[in-house]
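S.K.: Here is how the chains run, residue by residue.
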Amino acid sequence: MTLFIALLVGAGAGAYGFRNALRLRPQLRYLAGAAFGVLGAAVVSGATKGCAYGTDVDSIQNVIGVAIAGAAGLAAATAASSTKAARGAEIAKQRSELRTGTYRLGWWWPWLLLLPTLIILVVFLYIPAVQTFTLSTRLVRLGAPNTIDVCLSHFTELLVPNPWMVVVLPSLSVAVIWGLGMWKQRALVGSASYNLATTLQPLGVMALLTALYFMFSGGTNGYRSIYLNTVVISAGTVLGGMVFGLAIAYLAFQKVRGIGVYRTLLIWPYAVSAPVAGILFFMMFDPTAGVIQHLFDGFGISFPNYRESVSLARFTVIAASVWKVLGYNILFYLAGLQNVPIEQVEASVLDGASAWQRFRYIVTPALGPITFFLLITNLTYAFFDIYGTIDYLTRGAPAGATSVAIYEIIRVGVDNRDIGRGAAQSVLLFLAVIGLTIWQFRRSEDRITYGGVG
Amino acid sequence: MSFSAGVRRQGIIRGRSWPIHVLLVLVTLAIGFPLVYAALISTQGNPDIFAFKLTPGDKLAQHFDDVWVGRNLGRSMWNSTVQSVLITVAKTILSLAAGLAFVYFRFRGKWLVFFFVLVTLMMPTEVMILALFRLVSSLGWQNTMTALVVPFAASATGAFLFRQHFSNLPSELAEAAQVDGASPIQFLTKILIPVSWNAIGALAVIQFVYGWNMYLWPVLIISDQKNQVIQVALQNLQGIDVGLTYGPLMLAALLASIPPAIIFILLQKQFMSGFSIGADK
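Protein chains in written order, with my numbering: chain A, 1 to 454; chain B, 1 to 281.
Simulated from the structure, these hints should not be mistaken for laboratory data.
Incorrect hints may have been included.
Taking lysine-lysine pairs in the PhoX-like style, the calculated list, with each CA pair at most 25 Å apart, reads [to be verified]: (1) A:K255 to B:K269; (2) B:K110 to B:K53; (3) B:K110 to A:K84.
Please construct the entire structure, taking both the sequences and the accompanying hints into account.
M.R.: Written as structure tokens, this is what we have:
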């Protein structure tokens, strides 16, 4: 029964994924899409031996199983319909780049050049990636050869025990994102309605973040707290890093004597490692010997111990990370500021625009692409590299308040030797990265199509 | 698009320059503060630190001796150097070869290989670190330099950087090389590499800093102190339970930051112009 629903959902998702395959007639298009969808769902079901569909497991496993089947169907159909288009586009691109200078030697020449790269990517990226998914469905102890199939129970542990919440919450947030997108698309560019829709865009992201918050299991051992830590610390790092980065880069872009020296002095924290950033802030915020403590003592104010205060611990981790990413952000914003249309700046000066108006209406829009690029790279930093900072600064303390997703993966998978559970958490992080990449890809596609320039 | 072009332009803020100087000096001091403070602490003994003295102490030599001889930090620095240099060299060579194949050869399935490499950009090692740890352990590579280098020897970023760079070069280069009967390897070493120093320099900075600053992977795969890299070896100096030794810890953290800083300063020009290649595309 559940298997049937899973295949049906897969077919529906597949038909949706094929909606843009314009070369086919509509009926045929949806039929082909549904076929690919069923195929994708069936492959996934077969790989897991349909373990999530039985009546002997939690209903929440059924729900996740169906969702996975749907996702697989969508993925299969999207891959099938876009591969052809992508292949055509890539081959056309290669033709247009076709130079008279290409070598005509044995067919094995290019393969020989690519072979080392391909072998390393397969062995150390593709194989571990697949293994992460298989390990996440098994009970695996570090160092022990035997494993036990546990189906999706590692994932259900991370979620609230209510299947309705798991279905309704993400659907609601997707509806909000989709609705806002439709609104913006329908509204006349420049109209009040359009501007309001643009202002409300961040609501979609917030809806998704809130839905996820309520989807993860609460309680002291629930994943909700880890999720919250990750969101708070990533958001703080990214916002702080970008706001300060832009402000400082704007300052360092001015034409004054010795600006090259200033720039070098501002950019070098790029070379400092995340662990060293952790050590430096460990010293500054040290409750007995640190400079911050001494300063507050000097004013007669008692400063709390950051290793015991939840909000201060998070703030310290964020401060260290912001400091660490600043150099990188300043570097890229300085490069981006070269693209600001200088004629418009000159004209606005003649029109009597204030410095803030120039910044708000001319400089900020020109930096859009760089800001988005930095958003993605800073998020990657806050997801992964922050491990070194946290390990030296707080070790996840107090009471796990600074334990972010990657830190928890290592705590569970290596310290507790529970690789299966760690792998399940890795899959969640993997999904987040894939989601971000798709977002990034779609956004850059939009820009190329509608902005005229890439 | 280079920084010198930007310097020749007028700035966006108008008016007197001294307020900008004041602001820049303040910001530079704020950003530099953690390191200056660490440098101060590294010269002081614990009594000075607790007394919050702002003058340099006289313990620097003693701390250096403690860290370099007592803790054998030089050994870890050497391990990190070997690892970073090997990663940088391997990634540069493999990326150059991949760029050469992508731009100067036509072959069946090129688009497929292209996508195969492209997809790895959304596969950060960290999300599969447990599986990679299990895989590399099963190969018996624990505590070896092999484990620290080989999994990171290929780079999709580098392959695309050189692909981009080579396809912006005039095709007469390749034609001339072929007329002269140069093999692809000769073409690469005699022509492409000499005209690509900026891109190579930019990639080298990124990869060296990446290798030197790597932390999570060595934490997992290296347990033997004599094979440990510097970023992890710093842990030994942070032993909270054995009584804090702030001075040696700060000195070690500063020493650990010197090599990437040197590489960064030496290759700063290439780094910036190499980046503008990517930003221009």
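S.K.: Each hint should be assessed against the structure and marked as holding or not.
M.R.: Structure-based check of each hint:
The hinted pair formed by A:K255 and B:K269 meets the criterion: a straight-line CA distance of about 19 Å does not exceed 25 Å. A distance of roughly 64 Å separates the Cα atoms of B:K110 and B:K53; the hinted pair therefore is violated under the 25 Å criterion. As the CA atoms of B:K110 and A:K84 are separated by approximately 14 Å, the hinted pair is consistent with the 25 Å bound.
Hint 2 alone, counting from the list given before, is not met by this structure.
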